[in-house]
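Enquirer: Let chain F serve as the given structure and place chain B on it in line with the hints.
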Amino acid sequence: MRPSRGFLVASLFAASLSAGCAARLPEHVQAVSLPSPEVLGVTAEDSAPKADLRMIPPEAYMRTYLQLFGGLAPLDAQKLARGKEGAQLFDNWDAYVSALGFADYRTDIPRLTQTNALMVATFERLGVALCDRAVEHDLRAKPPMRERAIFAFDVLPAPGVMDEGAFGARFDVLHRTFLGYPRRLAPAARTTRFFQLYRDIVGMHRTADPKSRFTPEEAGWAAVCYGLVRHPEFHLY
Amino acid sequence: MTTRRTFLKVLGTGAAAAMVGLPPLRSIADIGQANDGEFFLFIHAAGGWDVTLWADPRNEARGILHPASTENTDPSQVRLWRDAPLEGGAKTFELIRPPGSSLVLGPGAGGLVDIVDRITIVNGLAMNTVAHPDGATFSATGRHLQGGRVASPSVDTMISNELGKEQLFPTVSVRFPSAYVGDNLDRRVVPLTIGDVGSISRTLSRTQLYDANPERDRVTALLSLEAEDLARRSTYHDVADGMRLQYASLQRMLASNLGDVFSAEGLKTAHPELTYKTRFLGAAALDAAFAIEAMKRNVVRCVSFAAGNFDTHAGNYKTHAHAQQELFDLVTATLRSLDAIPHPTKAGAKLSEHTHILVVSEFCRTPQINLGNGRDHYPNNSALVISPRFKPNFVFGATDADQLLPRPVKRFIDGERAIAPPDLLATFVSAFGIDPRKYMRDGEIVPELLRAAAAA
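Keeping their order, the protein sequence lines are chains F and B.
Numbered by my numbering, the letters in the first sequence go through residues 1 to 237 in order.
Numbered by my numbering, the letters in the second sequence go through residues 1 to 456 in order.
In isolation and in its complexed conformation, chain F is listed as follows:
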């Protein structure tokens, strides 16, 4: 019986395949050390930023704000911020969303990408509400340190004895909370500037009439908190 044509083709294919596999092993090239190439010229890498600072999106601001408020939902934060004083410290989110730069999809208004003076005013209004409530919660009620939202330190018991060193240690806690890095990496003048602010506010508060609900020291720390939650570095990146 003669082998079929298919059998012949298959045999030929198998033979050529085995011939290929039986070829000699691939060559290995040994690594050798070569002299460094000659330097013909040096061009410095341009690592300068290629774009201006940008405003963080309003959604990120809102999320951060709520996180600082203790990780609350927006309506819970609103309730806490309003407290028993109604709209004295905080109205409602509806009053602020547009000034904060949120997009309005009902009217095709896009998200704002630039700060403006009214937005800066809104940052102040919201920042004051956060800091004042935090002073009440953290410094006045004095819960355990791990339960504190912003002021994870104690105010010195004796008023008027705070020196720049004692201030700096506490300021560092706030600086890390709001701006995300230790104060020693910030420009040198910053701590001094904020310490001066603290002292000015404590002094002004001591002579203020009528008296506010805060002690001078509490007002001083509240002002430092305002300064950080409204800081340009908090809003720009």
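To be clear, the hints were calculated from the coordinates, so they are not data collected in a lab.
Be aware that one or more of the hints could be misleading.
[Stated by the list, open to error] Below, a list of computed lysine to any residue pairs in the SDA-like style, where the Cα atoms sit at most 25 Å apart:
#, chain 1, residue 1, chain 2, residue 2
1, F, K84, B, G198
2, B, K438, F, D52
3, F, K211, B, R206
4, F, K50, B, G182
5, F, K50, B, R149
6, B, K277, F, T107
7, F, K211, B, S234
8, F, K79, B, G198
9, F, K211, B, A212
10, F, K79, B, G259
11, F, K211, B, L254
12, F, K84, B, D260
13, F, K50, B, R232
14, B, K268, F, Q88
15, B, K165, F, L236
16, F, K84, B, L245
17, F, K211, B, A255
18, B, K268, F, A87
19, F, K50, B, D183
20, F, K211, B, R218
21, F, K50, B, A221
22, F, K50, B, A151
23, F, K84, B, E265
24, F, K142, B, Q208
25, F, K50, B, H237
26, F, K79, B, D196
27, F, K50, B, S234
28, B, K268, F, W93
29, B, K165, F, R54
30, F, K84, B, G259
31, F, K211, B, T220
32, F, K84, B, S201
33, F, K211, B, E265
34, B, K165, F, P110
35, B, K268, F, G86
36, F, K211, B, Q251
37, F, K84, B, A264
Predicted model, so just to flag it, every value in this text is computed and none were measured.
Expert: This is chain B only, laid out in the frame that chain F set:
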């Protein structure tokens, strides 16, 4: 050989050419001085209005046109609607020809018929878009969106940048498609964008329960220094510098004690002449009251707001004419209020003599009535200008009789074509000595729209 005569001729020709080629014929200081005390109101009729009901009225079934009729419109609330016969037993409206005017208006024009001697209408604006965001942006900036991004500053930003940098509120923008984009812009004129005018007072309100204004001012002063530091350390310092200026503006705003004045109740009390309880435009009346009050107090340069929702694709078209009537009644009432208020800085002048109003929409609506008994989007448009610098009692531009599409109206530098939003905006800013080319890529000044004195 060059003779003395030839040399002088060449020199003279060159000097003349250089003079003609200078784009800003007046210096920047002159522009500010000549337009000191001018105020601007920009209104966006949101949703896309039906121009056949007011500026470009149609009451005949012709070509693809289905005029408004009792089958699709409720005329009971439209006080200028007079029945006119239409085929099929329905009634359309009679055209309105105000006495002493060559203008022809539709019944949605409302109060405009009483002030025809002060209005300029631009018809047949070529929109080349039927998308809301693009149409709104094109009308406000003169450029289409580029992949969803705005490419040019809006007209209110351009004006504020030239004339409003020193004002407390350069531009207040209430849901208007304002845009701060491009070069040559001062950070102080970033539009103050808000959802409603009442939020200004809420944003500026400060309790004294815990701390006092001078204490917060001290914080703001410190932040100005921090922003200055940041700018100094930045390769690009524009944004940080801008924030420093905005901190300074905030201090001025809080010191002005305007919070109570600009509350909703405060504005309603100050301007009882405006109607706040209307069916469609109550909120816009509050915006207009804010504009009047802010101009009266000389704290603003431009106020821009959106009015109404004219996006009537279905049965809600029935009230479209009514909504237009409310819009133009509001514009008229605002102008009347400005007539009655003395200018804050120009002795003997009325505020209305130095206030310039531009009303735009994103496009118009289809000439056909759709299956839902409404009208869809159509790439034609009209605009309204009320300005002492524009030719009053005047209509410019036209649409074709059968399809309501923009018709070529004059020879521009790029040939004969219809007028388009960039042309209108370029003309508008040029009326105040501003070189449109500083902000706009497109658009050509249309001198026909301007009063002779202003055009010169």
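Enquirer: None of the hints should be skipped; say for each whether it holds.
Expert: Hints versus structure:
{"no.": "1", "hint": "K84(F) <-> G198(B)", "verdict": "holds, 23 Å"}
{"no.": "2", "hint": "K438(B) <-> D52(F)", "verdict": "holds, 22 Å"}
{"no.": "3", "hint": "K211(F) <-> R206(B)", "verdict": "holds, 16 Å"}
{"no.": "4", "hint": "K50(F) <-> G182(B)", "verdict": "holds, 17 Å"}
{"no.": "5", "hint": "K50(F) <-> R149(B)", "verdict": "holds, 20 Å"}
{"no.": "6", "hint": "K277(B) <-> T107(F)", "verdict": "holds, 22 Å"}
{"no.": "7", "hint": "K211(F) <-> S234(B)", "verdict": "violated, 42 Å"}
{"no.": "8", "hint": "K79(F) <-> G198(B)", "verdict": "holds, 21 Å"}
{"no.": "9", "hint": "K211(F) <-> A212(B)", "verdict": "holds, 10 Å"}
{"no.": "10", "hint": "K79(F) <-> G259(B)", "verdict": "holds, 23 Å"}
{"no.": "11", "hint": "K211(F) <-> L254(B)", "verdict": "holds, 21 Å"}
{"no.": "12", "hint": "K84(F) <-> D260(B)", "verdict": "holds, 22 Å"}
{"no.": "13", "hint": "K50(F) <-> R232(B)", "verdict": "holds, 16 Å"}
{"no.": "14", "hint": "K268(B) <-> Q88(F)", "verdict": "holds, 22 Å"}
{"no.": "15", "hint": "K165(B) <-> L236(F)", "verdict": "holds, 23 Å"}
{"no.": "16", "hint": "K84(F) <-> L245(B)", "verdict": "violated, 35 Å"}
{"no.": "17", "hint": "K211(F) <-> A255(B)", "verdict": "holds, 21 Å"}
{"no.": "18", "hint": "K268(B) <-> A87(F)", "verdict": "holds, 21 Å"}
{"no.": "19", "hint": "K50(F) <-> D183(B)", "verdict": "holds, 16 Å"}
{"no.": "20", "hint": "K211(F) <-> R218(B)", "verdict": "holds, 18 Å"}
{"no.": "21", "hint": "K50(F) <-> A221(B)", "verdict": "violated, 30 Å"}
{"no.": "22", "hint": "K50(F) <-> A151(B)", "verdict": "holds, 20 Å"}
{"no.": "23", "hint": "K84(F) <-> E265(B)", "verdict": "holds, 24 Å"}
{"no.": "24", "hint": "K142(F) <-> Q208(B)", "verdict": "holds, 24 Å"}
{"no.": "25", "hint": "K50(F) <-> H237(B)", "verdict": "holds, 12 Å"}
{"no.": "26", "hint": "K79(F) <-> D196(B)", "verdict": "holds, 22 Å"}
{"no.": "27", "hint": "K50(F) <-> S234(B)", "verdict": "holds, 11 Å"}
{"no.": "28", "hint": "K268(B) <-> W93(F)", "verdict": "holds, 23 Å"}
{"no.": "29", "hint": "K165(B) <-> R54(F)", "verdict": "holds, 22 Å"}
{"no.": "30", "hint": "K84(F) <-> G259(B)", "verdict": "holds, 22 Å"}
{"no.": "31", "hint": "K211(F) <-> T220(B)", "verdict": "holds, 22 Å"}
{"no.": "32", "hint": "K84(F) <-> S201(B)", "verdict": "holds, 21 Å"}
{"no.": "33", "hint": "K211(F) <-> E265(B)", "verdict": "violated, 30 Å"}
{"no.": "34", "hint": "K165(B) <-> P110(F)", "verdict": "holds, 24 Å"}
{"no.": "35", "hint": "K268(B) <-> G86(F)", "verdict": "holds, 23 Å"}
{"no.": "36", "hint": "K211(F) <-> Q251(B)", "verdict": "holds, 23 Å"}
{"no.": "37", "hint": "K84(F) <-> A264(B)", "verdict": "holds, 24 Å"}
The structure does not agree with the numbered hints 7, 16, 21 and 33 stated previously, though it agrees with the rest.
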